[in-house]
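Sequence lines, in order, name chains A and B.
For the first sequence, this note's numbering gives the first residue as 479, with consecutive numbering after it.
For the second sequence, this note's numbering gives the first residue as 729, with consecutive numbering after it.
Honestly, the hints are just simulated from the structure, not real lab data.
Please note that a few of the clues may not be correct.
Derived DSSO-like pairs: lysine-lysine, alpha-carbon spacing no greater than 30 Å straight-line [unchecked claim]:
hint: 1; chain 1: B; residue 1: 792; chain 2: A; residue 2: 489
hint: 2; chain 1: B; residue 1: 794; chain 2: A; residue 2: 489
hint: 3; chain 1: B; residue 1: 794; chain 2: A; residue 2: 515
hint: 4; chain 1: A; residue 1: 489; chain 2: B; residue 2: 878
hint: 5; chain 1: B; residue 1: 911; chain 2: A; residue 2: 489
hint: 6; chain 1: B; residue 1: 911; chain 2: A; residue 2: 483
hint: 7; chain 1: B; residue 1: 784; chain 2: A; residue 2: 515
hint: 8; chain 1: B; residue 1: 856; chain 2: B; residue 2: 911
hint: 9; chain 1: B; residue 1: 885; chain 2: B; residue 2: 794
hint: 10; chain 1: B; residue 1: 812; chain 2: A; residue 2: 515
hint: 11; chain 1: B; residue 1: 878; chain 2: A; residue 2: 483
hint: 12; chain 1: A; residue 1: 483; chain 2: B; residue 2: 747
hint: 13; chain 1: A; residue 1: 515; chain 2: B; residue 2: 856
hint: 14; chain 1: B; residue 1: 752; chain 2: A; residue 2: 496
hint: 15; chain 1: A; residue 1: 496; chain 2: B; residue 2: 910
hint: 16; chain 1: B; residue 1: 784; chain 2: A; residue 2: 496
hint: 17; chain 1: B; residue 1: 752; chain 2: A; residue 2: 483
hint: 18; chain 1: B; residue 1: 752; chain 2: A; residue 2: 515
hint: 19; chain 1: B; residue 1: 878; chain 2: A; residue 2: 496
hint: 20; chain 1: B; residue 1: 747; chain 2: A; residue 2: 515
hint: 21; chain 1: A; residue 1: 489; chain 2: B; residue 2: 784
hint: 22; chain 1: A; residue 1: 496; chain 2: B; residue 2: 794
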Amino acid sequence: MEENKQDRIQKTLDFIEKDRIIPEDPWFYSRLMARMKGETEQVRKVGLLGVIRLRPRPILAVIVVMIGITGGIGLGKIISNPENSIEQGTPVFSIEQDATTAFFSEISGANYEQILFMK
Amino acid sequence: MTDRELVRRIIDSDQAAFKELVEKHQLFVIRTCYALVHDMEDAQDLAQEVFIEVLKSAAGFRGKSKLSSWIYRIAVNKSLNHLKTCRRREAFSFFSFQDAGGKMKKDQIADRNPYAGGDAVMEEEELKRALHTAIDGLPVNQKIAFTLHKYEELPYKDIAEVMNVSLSSVESLMHRARLNLKKRLNYYYHTNRR
């Protein structure tokens, strides 16, 4: 079994001799020249606008990502703004004022310790 | 005609000189690309790109190394870049419904058609797949050294020039490549036992 595997490995390595045989291609140079000619003509025809038109996908992806980031930042700002987290129409300072006055008016009339320890 | 003269004529837009260069080197360029990418169509395309690059940057050839070494280096770089692009495309193929390579490889077609050839053809396909899988698994430097030596039959000295490393480094790379290849083939036949 092990010997069989070693034979197989050797056979595979010997296969390189076969694998390296590349058939001659008499048309290689003609195809190369045709490609070069085609590329040169394409470059000449395609201006800046053409390049943009030819490569719309990466540009589109960048635009989408930019919109996403800008939108995300904007949304984050809206959510984190305290004015928007409190009921609409109620200014912040009036709520603060109410809370403070209620607290002080309550403790001013009674004994301090009574309020804290009675309950 | 020396390499320098040939390059000088190419810089002077001598089409006959460029044709001479292509015809002289096309086979080894295609073979080098094929040894690294394992697909003949891709190798042909890459070889064309190599010669376009040679034409574009002929002025940058200083004649410090052999012209063939310089062309080999371009071929190796182009092939490695191609492999990188393929890997990236494969990684992102999740987002598209297309096949990762955009086309079906020949051995995949053979896989799907068990009646495509006789036993000998299937045996060769199996050997080829095992060999290519093992070579692909090698670290990049070992892969380059191994393919240049085994596919191109380049002497170690020339490989050192192409890879821009010392002769002893090439010897070491080749030694490790051989060991690694055997290990990988051992593993391949262990996991793909019929």
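Against the structure, the hints:
| no. | hint | verdict |
| --- | --- | --- |
| 1 | B/792 x A/489 | violated (40 Å) |
| 2 | B/794 x A/489 | violated (35 Å) |
| 3 | B/794 x A/515 | holds (29 Å) |
| 4 | A/489 x B/878 | holds (15 Å) |
| 5 | B/911 x A/489 | holds (15 Å) |
| 6 | B/911 x A/483 | holds (12 Å) |
| 7 | B/784 x A/515 | holds (14 Å) |
| 8 | B/856 x B/911 | holds (17 Å) |
| 9 | B/885 x B/794 | holds (12 Å) |
| 10 | B/812 x A/515 | holds (28 Å) |
| 11 | B/878 x A/483 | holds (22 Å) |
| 12 | A/483 x B/747 | violated (47 Å) |
| 13 | A/515 x B/856 | violated (36 Å) |
| 14 | B/752 x A/496 | holds (22 Å) |
| 15 | A/496 x B/910 | holds (19 Å) |
| 16 | B/784 x A/496 | violated (34 Å) |
| 17 | B/752 x A/483 | violated (41 Å) |
| 18 | B/752 x A/515 | holds (21 Å) |
| 19 | B/878 x A/496 | holds (11 Å) |
| 20 | B/747 x A/515 | holds (15 Å) |
| 21 | A/489 x B/784 | violated (42 Å) |
| 22 | A/496 x B/794 | holds (28 Å) |
When each numbered hint is compared with the structure, violations occur for hints 1, 2, 12, 13, 16, 17, 21.
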